[in-house]
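Participant: Starting from the given sequences, assemble the full structure and let the hints guide the process.
The sequence shown begins at 1 in the working numbering and counts up one residue at a time.
Hint data in this document are derived by calculation from the structure and do not stem from the laboratory.
Do not rely on the hints blindly, as some may be mistaken.
Taking lysine-lysine and the PhoX-like style, the derived pairs with C-alpha atoms no more than 25 Å apart in a straight line are [unchecked claim]:
{"hint": "1", "residue 1": "Lys-184", "residue 2": "Lys-243"}
{"hint": "2", "residue 1": "Lys-233", "residue 2": "Lys-273"}
{"hint": "3", "residue 1": "Lys-38", "residue 2": "Lys-57"}
{"hint": "4", "residue 1": "Lys-225", "residue 2": "Lys-237"}
{"hint": "5", "residue 1": "Lys-136", "residue 2": "Lys-193"}
{"hint": "6", "residue 1": "Lys-225", "residue 2": "Lys-193"}
{"hint": "7", "residue 1": "Lys-72", "residue 2": "Lys-59"}
{"hint": "8", "residue 1": "Lys-51", "residue 2": "Lys-38"}
{"hint": "9", "residue 1": "Lys-184", "residue 2": "Lys-103"}
{"hint": "10", "residue 1": "Lys-242", "residue 2": "Lys-178"}
{"hint": "11", "residue 1": "Lys-105", "residue 2": "Lys-117"}
{"hint": "12", "residue 1": "Lys-240", "residue 2": "Lys-193"}
{"hint": "13", "residue 1": "Lys-243", "residue 2": "Lys-193"}
{"hint": "14", "residue 1": "Lys-184", "residue 2": "Lys-227"}
{"hint": "15", "residue 1": "Lys-242", "residue 2": "Lys-270"}
{"hint": "16", "residue 1": "Lys-184", "residue 2": "Lys-233"}
{"hint": "17", "residue 1": "Lys-57", "residue 2": "Lys-72"}
{"hint": "18", "residue 1": "Lys-59", "residue 2": "Lys-74"}
{"hint": "19", "residue 1": "Lys-93", "residue 2": "Lys-103"}
{"hint": "20", "residue 1": "Lys-80", "residue 2": "Lys-103"}
{"hint": "21", "residue 1": "Lys-237", "residue 2": "Lys-184"}
{"hint": "22", "residue 1": "Lys-57", "residue 2": "Lys-41"}
{"hint": "23", "residue 1": "Lys-121", "residue 2": "Lys-105"}
{"hint": "24", "residue 1": "Lys-227", "residue 2": "Lys-240"}
{"hint": "25", "residue 1": "Lys-57", "residue 2": "Lys-46"}
{"hint": "26", "residue 1": "Lys-70", "residue 2": "Lys-80"}
{"hint": "27", "residue 1": "Lys-184", "residue 2": "Lys-242"}
{"hint": "28", "residue 1": "Lys-270", "residue 2": "Lys-193"}
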Amino acid sequence: MSEIKCPKCGTTFKVDDSSYADILNQVRTHEFEDEVEKRIKEALDKANSAKELAVEKAKNAQAAEISELKAKLKQADTDKELAVTRALAPVEKELESVKSDLKSKNSEAKLREESLKSQVKLREAALKTQYEGAIKLKDEEIERLKDLKSKLSTKMVGETLEQHCQTEFNRLRATAFKNAYFEKDNDARTGSKGDFIYREDDENGNEIISIMFEMKNENEATATKHKNEDFFKELDKDRKEKKCEYAVLVSLLEADSELYNTGIVDVSYKYDKMYVIRPQFFIPMITLLRNAALNSMKYKEELAIIRNQNIDITHFEENMENFKQSFARNYELASRKFSTAIEEIDKTIAHLQKTKEALLSSENNLRLANNKAEDLTIKRLTRGNPTMAAKFAELEKDAA
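Facilitator: See below:
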């Protein structure tokens with residue numbers, strides 16, 4: 001038993017060993033917890049103090065660092081501004097120089113522009129004066145020609161056009177038309193005549209081409225205006241009477257006509273081989289018809305050779321048609337026989353095909369028979385036949 005004295009009232013009481021140990025354990029546990037709590041509090045106080053001190057130090061260090069960075073940034077800005085100023089100094093100087101040059105060049109350009117404008121104005125004035133002078137000369141020439149035309153009689157107007165055409169032809173006669181005949185038609189025995197006849201033969205005397213020309217013009221002051229068509233019938237009559245191949249009307253009539261102002265107009269739908277032209281197409285028309293005639297000369301020569309050889313041209317087409325019919329008939333007969341021959345060939349091919357199949361079948365049967373003959377042995381022959389087996393056994397014994 002153990003005794004325990006109360007610290008407050010002083011009373012002493014006895015407890016057994018287990019109870020004493022339990023009480024002692026409780027006391028110790030309480031003291032230990034108090035001690036632990038006290039230590040934890042002290043540790044927390046130290047930690048808070050250290051934390052506060054560290055925060056304060058960190059704030060001070062951060063403030064110092066920020067101040068240092070601000071100072072460095074300020075210095076960097078100052079250095080940057082100084083560097084930019086130093087770098088821009090030559091550029092600004094060069095820029096000022098360029099501005100000065102541009103100002104000088106702009107002044108020169110303006111002076112040059114003013115000079116060019118002045119020259120252009122002078123040139124325009126000169127051209128205007130020149131143009132007005134040329135127009136005045138043209139107007140004077142037109143008035144002179146109108147005056148001349150008004151003074152000409154109708155006959156003189158027509159003769160002027162004839163003279164123009166004759167002059168144009170004579171300018172080229174020696175070079176382009178040295179073998180050609182081009183003269184006025186003075187033969188009026190038939191009651192009428194054209195203005196000019198053009199003929200040309202080759203070295204054998206064969207006519208290459210012949211053209212009847214009629215020239216028509218009239219005074220602008222003439223009251224009754226003629227049309228080109230008014231002269232077609234008479235021109236066609238003159239062409240036939242003078243045995244010319246073509247008829248050409250060289251005309252200044254109907255000056256506002258879009259049809260005749262196009263150049264060469266073919267009127268053969270009314271009169272055979274007839275054309276209407278303006279004077280500027282006089283030489284080109286002769287050249288055009290002449291070249292076409294030269295191209296056809298070789299065919300004329302071939303026909304002349306055929307005539308000289310006494311070949312009956314009149315029956316040529318008939319003979320050609322007979323030949324075509326005979327050829328067609330022979331072709332038809334040949335075609336029929338050809339078809340018959342093809343049919344016979346097809347039949348022969350079919351027969352040969354059957355023969356081929358029969359031969360192939362025979363070959364197959366012979367192959368099978370040969371295989372069977374090769375497989376034939378004494379054992380197979382004597383199998384199931386004791387008599388034959390005994391005979392062959394005796395032969396083998398004798399042979400041994």
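Participant: Work down the list of hints and note, for each, if the structure agrees.
Facilitator: Checked hints:
1. Between the alpha carbons of Lys-184 and Lys-243 the distance comes to roughly 15 Å, so the proposed pair stays at or under 25 Å and holds.
2. Restraint check for Lys-233 and Lys-273: satisfied, since their Cα atoms lie roughly 12 Å apart, inside the 25 Å limit.
3. Proposed proximity of Lys-38 and Lys-57 is contradicted: the alpha carbons are some 28 Å apart, above 25 Å.
4. This hinted pair checks out: Lys-225 and Lys-237 have alpha carbons roughly 23 Å apart, not beyond 25 Å.
5. Among the hinted pairs, Lys-136 with Lys-193 is inconsistent with the structure: their alpha-carbon atoms are about 43 Å apart, more than 25 Å.
6. Taking the CA atoms of Lys-225 and Lys-193, the gap is near 22 Å; set against the 25 Å cutoff, the hint holds.
7. Proposed proximity of Lys-72 and Lys-59 is supported: the alpha carbons are some 20 Å apart, at most 25 Å.
8. Between Lys-51 and Lys-38 the alpha-carbon distance is near 20 Å, which keeps this suggested pair within the 25 Å criterion.
9. Taking the CA atoms of Lys-184 and Lys-103, the gap is about 81 Å. The hint is violated against a cut of 25 Å.
10. With a C-alpha separation of about 22 Å, the suggested pairing of Lys-242 with Lys-178 holds against the 25 Å cut-off.
11. For the hint linking Lys-105 to Lys-117, the alpha-carbon distance of about 18 Å falls within 25 Å, and the restraint holds.
12. Pair hint Lys-240 plus Lys-193 holds up; C-alpha atoms about 11 Å apart against a cutoff of 25 Å.
13. Note on Lys-243 and Lys-193: the hinted pairing holds, with a Cα-Cα distance of about 12 Å set against a maximum of 25 Å.
14. Distance hint between Lys-184 and Lys-227 is fulfilled; the C-alpha atoms sit about 23 Å from each other, no more than 25 Å.
15. Restraint check for Lys-242 and Lys-270: the C-alpha separation of about 19 Å stays at or below 25 Å, so the hint holds.
16. Taking the CA atoms of Lys-184 and Lys-233, the gap is about 20 Å. The hint holds against a cut of 25 Å.
17. In summary, the hint linking Lys-57 to Lys-72 is supported, as the alpha carbons are separated by about 22 Å, within the 25 Å threshold.
18. With a C-alpha separation of about 22 Å, the suggested pair Lys-59 and Lys-74 falls inside the 25 Å cut-off, and the hint holds.
19. A distance of roughly 15 Å separates the Cα atoms of Lys-93 and Lys-103; the hinted pair therefore holds under the 25 Å criterion.
20. Of the supplied pair hints, the one linking Lys-80 and Lys-103 is violated, its CA atoms being roughly 33 Å apart against a limit of 25 Å.
21. For the hint pairing Lys-237 with Lys-184, the CA-to-CA distance comes to about 17 Å; that is within 25 Å, so the pair holds.
22. The hinted pair formed by Lys-57 and Lys-41 meets the criterion: a straight-line CA distance of about 24 Å does not exceed 25 Å.
23. The suggested pairing of Lys-121 with Lys-105 holds, with an alpha-carbon distance near 24 Å, which does not exceed 25 Å.
24. A C-alpha spacing of about 22 Å is found between Lys-227 and Lys-240, which places the hinted pair at or below 25 Å, so the restraint holds.
25. A threshold of 25 Å between alpha carbons decides the hint, and for Lys-57 with Lys-46 the separation of about 16 Å falls inside it, so the pair holds.
26. Taking the CA atoms of Lys-70 and Lys-80, the gap is near 15 Å; set against the 25 Å cutoff, the hint holds.
27. Restraint check for Lys-184 and Lys-242: the C-alpha separation of about 12 Å stays at or below 25 Å, so the hint holds.
28. With a C-alpha separation of about 20 Å, the suggested pair Lys-270 and Lys-193 falls inside the 25 Å cut-off, and the hint holds.
Going through the hint list in order, the structure does not satisfy hints 3, 5, 9, 20.
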